[in-house]
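> Once you've looked at the hints, go ahead and assemble the two chains, each given alone in its own frame, into the complex.
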Amino acid sequence: MSVQSNDQAALAAGIRKSDKPLGRNDLARLVARDIKPGSFVNLGIGQPTLVSNYLQPEQNITLHTENGMLGMGPEATGDQIDGDLINAGKIPVTELPGASYFHHADSFAIMRGGHLDICVLGAFQVSATGDLANWHTGAPDAIPAVGGAMDLATGAKDVFVMMTLLTREGVSKLVETCTYPLTGIGCVTRVYTDKAVFLTGPGGVQVRETFGCTLEELQDMVPVPLTAAPAVGG
Amino acid sequence: MLNFPENVNEAVAGIQDGSTVMIGGFGNAGQPFELIDALMDCGAKDLTVVNNNAGQGDQGLALLIKEGRVKKMICSFPRQSDSWHFDAKYHAGEIELELVPQGNLAERIRAAGAGIGGFFTPTGYGTMLAEGKETRILDGRGQVFETPIHADVALIKALKADGKGNLVYRKTARNFGPIMAAAAKHTIVQVSEIVPTGGLDPEIIVTPGIYVNSIVKVA
Chain A
1 MSVQSNDQAA LAAGIRKSDK PLGRNDLARL VARDIKPGSF VNLGIGQPTL VSNYLQPEQN
61 ITLHTENGML GMGPEATGDQ IDGDLINAGK IPVTELPGAS YFHHADSFAI MRGGHLDICV
121 LGAFQVSATG DLANWHTGAP DAIPAVGGAM DLATGAKDVF VMMTLLTREG VSKLVETCTY
181 PLTGIGCVTR VYTDKAVFLT GPGGVQVRET FGCTLEELQD MVPVPLTAAP AVGG
Chain B
1 MLNFPENVNE AVAGIQDGST VMIGGFGNAG QPFELIDALM DCGAKDLTVV NNNAGQGDQG
61 LALLIKEGRV KKMICSFPRQ SDSWHFDAKY HAGEIELELV PQGNLAERIR AAGAGIGGFF
121 TPTGYGTMLA EGKETRILDG RGQVFETPIH ADVALIKALK ADGKGNLVYR KTARNFGPIM
181 AAAAKHTIVQ VSEIVPTGGL DPEIIVTPGI YVNSIVKVA
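Residue numbers (our numbering), protein chains in the order written: chain A, 1 to 234; chain B, 1 to 219.
It should be emphasised that the hints constitute simulated quantities derived from the structure, not laboratory data.
Don't be surprised by glycine CBs; every beta carbon is placed ideally from N, CA and C.
Each hint should be verified, as a subset may be incorrect.
To be verified - Taking beta-carbon pairs under 8 Å as the criterion, some of the chain A residues facing chain B (in silico):
#1 G68
#2 H103
#3 D151
#4 T154
Stated by the list, open to error - Where chain B lies over chain A, by a calculated footprint (3+ residues, C-beta under 8 Å):
#5 143-150
#6 179-191
Looking at chain B on its own, in the form it has when it is part of the complex (with noise of 0.2 Å):
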């Protein structure tokens, strides 16, 4: 049943300990830092976190894993010239990688969504991120098999919901939103506006409501 908490607080309080938390965002872009910033005041600990980068800078998820919430990134670029909170949990061996082809993540993360078992792959055929998994040849190419990446939350970023929970997204913003709206078992988005339901163009719309638990709105 969809819900519109009053604040991002009380949009993440059921998110517990051990969880795996899918959170939008590509960079900077798309990132719900309002929902994280909540996240982390709510205290859940020992997360596993689908994101595609590890947090960058003093901020979002790069604070999340300063405090130690988070056991295990699983992500395709954790490595940025400002990722200094995850490098040095990485270097302590505090903190587990999954390093995972960005298409790979956005295909599994699709694959959760869209009730898909796994799937063969060329990407990342004959590399050491294909070692130990099932291969085969078809077409006349070696092939990866990938399996699909559920999660227990998502926190995602929108522009717009309406009374129904759909949403639409702005520029590139949108990135993994929508995938990671129909992967996970509870969705909660923040968006700049919540409109009447009837307020969207039908047409237009990104992720239907059908994906979507808790909208909160932040300023």
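In isolation and in its complexed conformation, chain A is listed as follows (with noise of 0.2 Å):
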């Protein structure tokens, strides 16, 4: 997939810049916009899972989920609700039209195998160089637990991270070198945060939309060196 045409689609939205900070649902809503039409998506759980909210029927994204299905539609209520349909959070989901189920084997090849155009997870850091962490905390006395995020962050073409940009603490979560345990390399394409949309890779940090705040302002909250996007020019 081409992530710059994506870019310049977005610019030519006119979305380079809001005037204040994005709530999650915004943040969401954006990702949602970014995607390429026809793509094969997995959203990870918490609030990438949101991003679904907002896809729209003519970009006929398809959704995977890590526990055996492709096609997955909207959470499931009411009567809809089926123990045998759930999703990678363990919530209970439907199923669209053309959907396909396969068994965990499978389903991980399709990440593994370079199949999956994007996924969507959240994080607790990411490096400059788009290392992720968002697996463990790192506490001596915390259990870990992995799940699908070594698999996803190594095996989609594209990983997107959604988080606020800040801890509560008001520490950048965008950092040089991550000081929690790593989940994968050099994996995250982008960062969309509360503040700012980053691109990430081996020629540093770009800023492609600030959200409240000038380059300048976010340059003195994250503590990596910050360019302008080319697309966004001065």
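In structure tokens:
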């Protein structure tokens, strides 16, 4: 897929800058708008799940859930609830026309074989080179649980992260080097936050959009060098 | 030789102390609760259990853990809001945990059933879950060597079986069933319905009967 052309489309839509930080739903709407039509997508548990609320039928997006399904529909309600039909978060969901079921090894072959266009994940930290930390705080008494995070991070063609830019203590989650245990190395291509959208990769961190702050103000919050993405211009 | 035990207790009667037992299911979907309850009743202990999770609430695998029958869990996601029995055993140091990325768990089980001695995968490379494992750079990517997970017994749930042991599943309750059936030396399946041989369309069979040893119908 072409990330660049998507970004240009986003710019053409006039969402390069907003006056205030984005809320969770606005951010989910933005991610949904950036997903190229026809994509196969896996939405992680938590905030990324909100993205499904904003996907438009004309985008023709197929959602994958790692417990063995393509063509997942919205969360089930009332009589639709069926214990045999759940998503990765173990929430009852629905199936859309054209859905398919498969066993777990096939489901992870879809990820690990590079067949998914995009996965959207939450994160504790993302590094300037796209390292991801999202599965374990490293606290000695914490019970570690990884699920499919490492497979998604290394397998999807594009890994988008959704997170608040700052912790509750005001510390940037976009960092030079992750201090939490890693999920994957150099895997994150974009970071969607309440304050800006960042493009990460070997060339460093570029800012595609800002929300309620200038690039200079953003730089004061983030401990890695930021540049404006070329398409953003001056 | 395929058999059809009268009930779940008869089906699990041969499970020995110290066995490695694969249990199907992702959360509660596809979890063979009746077979797990029978495993509890049969008294087998010092079990190594392979499952995606480590039990939820106060039923099934969670109870097996609570009763101290499980000495080791091999799983990808033990910690959940209602995994209190595992949490307690873990914090008390009374259960061993081998934490495996979910795709590695699935592929290691698949590898066992397919006779594969091991495989390299990028999943987990450079993370603490790859510590101590052999690594290589293949096709320009760091990859980690992973080994198959074999089991003495698999307990799984399917929707229907026929007289040859062929199985079909239902929706996302399929999950680990087919690969566990192939990976275990002895596979015990609980189904909602047993149909006569020929009663399942050969084109839609998911698990061929060659992988299945015992089938028991549960209400």
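> Could you run down the list of hints and mark each one as holding or not?
Hints, verified against the model:
no., hint, result
1, G68, "5 Å, holds"
2, H103, "4 Å, holds"
3, D151, "3 Å, holds"
4, T154, "5 Å, holds"
5, 143-150, "holds (count 8)"
6, 179-191, "holds (count 5)"
Of the hints listed earlier, there is not a single one the structure fails to meet.
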